[in-house]
Amino acid sequence: MSISTSIWVWMAALLTLMVYSFLYKDNPFYRLAEHIFMGLSLGYTLTILWYNYIIPRVYEPLFLPPHQWSLIFPILLGMMTFGIFSKKYSWLIKYPLAFYVGGYAGLRIPLLLQSWIIRQVEASFLTPDKFTSLMSSINAILIFAGLFATLIYFYFSKKREHGFGAAAQVGIVFIMVAFGAAFGYTVMARISLLIGRMQFLLHDWLGIM
Amino acid sequence: MRRRLPVIIAFGIGFLMLIQYFIPHPRSEEFYNVIVQQWFIIIFAFMYIFALRSFFMHHITKVKRKKEGYIFSAVAMVSVLFMLLSGLITSRGPFFDSLYNYMIAPLQGTMFSLLAFFIASAAFRAFRARNVQATLLLVTATIVMIGRVPIGDYLWRGMPDLVEWIMTVPSMAAMRGIRIGVGLGAVATAMKIMLGIERSYMGGE
Numbered sequence: 001m002s003i004s005t006s007i008w009v010w011m012a013a014l015l016t017l018m019v020y021s022f023l024y025k026d027n028p029f030y031r032l033a034e035h036i037f038m039g040l041s042l043g044y045t046l047t048i049l050w051y052n053y054i055i056p057r058v059y060e061p062l063f064l065p066p067h068q069w070s071l072i073f074p075i076l077l078g079m080m081t082f083g084i085f086s087k088k089y090s091w092l093i094k095y096p097l098a099f100y101v102g103g104y105a106g107l108r109i110p111l112l113l114q115s116w117i118i119r120q121v122e123a124s125f126l127t128p129d130k131f132t133s134l135m136s137s138i139n140a141i142l143i144f145a146g147l148f149a150t151l152i153y154f155y156f157s158k159k160r161e162h163g164f165g166a167a168a169q170v171g172i173v174f175i176m177v178a179f180g181a182a183f184g185y186t187v188m189a190r191i192s193l194l195i196g197r198m199q200f201l202l203h204d205w206l207g208i209m
Numbered sequence: 001m002r003r004r005l006p007v008i009i010a011f012g013i014g015f016l017m018l019i020q021y022f023i024p025h026p027r028s029e030e031f032y033n034v035i036v037q038q039w040f041i042i043i044f045a046f047m048y049i050f051a052l053r054s055f056f057m058h059h060i061t062k063v064k065r066k067k068e069g070y071i072f073s074a075v076a077m078v079s080v081l082f083m084l085l086s087g088l089i090t091s092r093g094p095f096f097d098s099l100y101n102y103m104i105a106p107l108q109g110t111m112f113s114l115l116a117f118f119i120a121s122a123a124f125r126a127f128r129a130r131n132v133q134a135t136l137l138l139v140t141a142t143i144v145m146i147g148r149v150p151i152g153d154y155l156w157r158g159m160p161d162l163v164e165w166i167m168t169v170p171s172m173a174a175m176r177g178i179r180i181g182v183g184l185g186a187v188a189t190a191m192k193i194m195l196g197i198e199r200s201y202m203g204g205e
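If you read the sequences in order, they're chains E and S. The numbering of the first sequence is the working numbering, which starts it at 1 and goes up by one. The numbering of the second sequence is the working numbering, which starts it at 1 and goes up by one.
Warning: the hint list may mix true and false statements.
What the hints assert, rightly or not - Simulated DEER-style distance windows between Cβ atoms:
1. E:115 / S:47: 25 to 31 Å
2. E:159 / S:44: 44 to 50 Å
3. E:162 / S:3: 46 to 52 Å
Worth flagging that the hints you see were computed from the coordinates, not collected in a lab. A virtual CB, placed ideally from N, CA and C, is assigned to each residue, including glycine.
Turn these sequences into a full structure, and let the hints guide you.
Here is the structure:
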C-alpha cells in the first residue's frame with residue numbers, strides 16, 4: 001500500500017468522495033463539489049472559446065493584416081445583445097437572435113434531410129445486395145419491417161384498427177427492444193465510469209490495488 | 001418594423017444558408033465559411049457574455065441577500081474566475097491542464113457514475129414485468145448488459161453475437177424510425193422559424 005503524495009491526486013480523490021457522499025443524502029460537501037464543478041466547467045468553456053474561436057477567427061483576422069473589416073458587422077450585431085440590459089433598447093436583441101437562429105435553421109434543413117431522413121431510408125431499402133445469404137436476407141427484411149412498423153406507431157392521424165393497429169403493435173415491439181438495448185448500454189457505460197473512479201481511488205490514490 | 005425586420009432577417013439569412021448547400025461554387029463555400037465560422041461564432045460569443053452576466057447576477061443577488069446556500073454561489077463564482085484566469089495567465093499551460101485533469105474530469109466522471117446507483121433503483125421500478133412490452137424491455141436490457149461483459153461469453157458463447165444482432169437489426173430498425181421522425185420534426189421547426197411562424201425564440205410573440 002502506497003498512498004499518493006501528489007496534491008492533485010488528493011484533490012481529485014477528495015472531490016470524488018464529496019460527490020459520492022450524495023449517496024447517503026444531499027449534504028454541504030456534495031453541494032460544494034457541485035458548485036466547484038459548475039464554476040470550473042464554465043471557466044474552462046470560456047477559456048476554450050477565447051483561444052480556439054475568438055483569437056484565431058475574430059481577433060487575428062480583424063487586427064492583423066490583411067484586415068478583414070467586414071467582421072465589424074457581426075461584432076455590431078453581437079453588441080446588440082447588450083440591448084437587453086436596458087428596458088428602452090431590449091428589442092435590439094431580436095436582430096442577433098434572428099440572424100443566428102434563422103441562419104442556423106436554414107443551414108440545418110439540407111443536412112437534416114440528408115443525414116436524418118434520406119440516408120436512413122436509403123439504408124433500409126431492400127436492394128439486391130442485401131440478399132447475399134439467408135441470414136442477411138432475414139436481417140434486411142426485419143430492418144425494413146421494423147422501420148415501417150415504427151413509423152406507423154408514430155403516425156397518429158389514423159385510427160388504430162385492423163391491419164394498421166396490428167402494424168403499430170409490431171412497431172412497439174421494435175421500439176421496446178431498442179429502448180431496452182439503449183438502457184442496457186447506458187447502464188454499462190455508467191458502471192464502467194464507476195469502475196474507473198473506484199480504480200482511481202484504490203489504485204492512484206490509496207495504492208492498494 | 002421592429003417586429004418585422006427580425007423576421008425578414010431570419011428568412012433572408014436562412015434562405016441563403018439553405019441554398020448555399022446546393023451551389024457547388026467557391027463563392028458559395030466562402031460564404032458558408034465566413035457566416036458559419038466567423039459571423040455565427042462572433043454572435044455566439046456575445047451571447048455567451050450575456051449568459052455569463054446572467055450567471056453572475058443570479059449568484060451575486062444570492063450572496064447579497066444571504067439566501068440559503070449563498071456560500072456555494074460564492075464558490076461557483078470564484079471557480080469560474082479562477083479557471084478563466086489560470087487559462088488566460090498561463091496560456092492554457094500545465095497548471096490549467098492539471099485543473100482539467102484532476103478537478104473537472106474526475107468531477108464529471110463521478111457525477112455521471114453516480115447515475116449507476118440511481119439507474120439501478122429506477123430499473124427495479126421500471127422493469128417489473130407487468131406486460132409484454134415491459135418484459136421485452138427487461139429481457140433486451142438484461143441481454144445487452146450481460147452480453148457486453150466477459151461473463152456473458154462465459155455463460156453462453158453466442159451471447160456477444162446475440163447482443164450484436166440486437167443492436168444492428170431490431171434496435172437499429174426502431175432507431176431509424178425514431179430518427180426519421182425527429183428529422184422530419186426538426187425540418188418542420190426549421191421551416192417554421194425561417195418563415196416567421198415560430199417566433200418564440202424572440203420573446204414569445
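Check: Are there hints from earlier that the structure breaks, and if so, what are their numbers?
Finding: none
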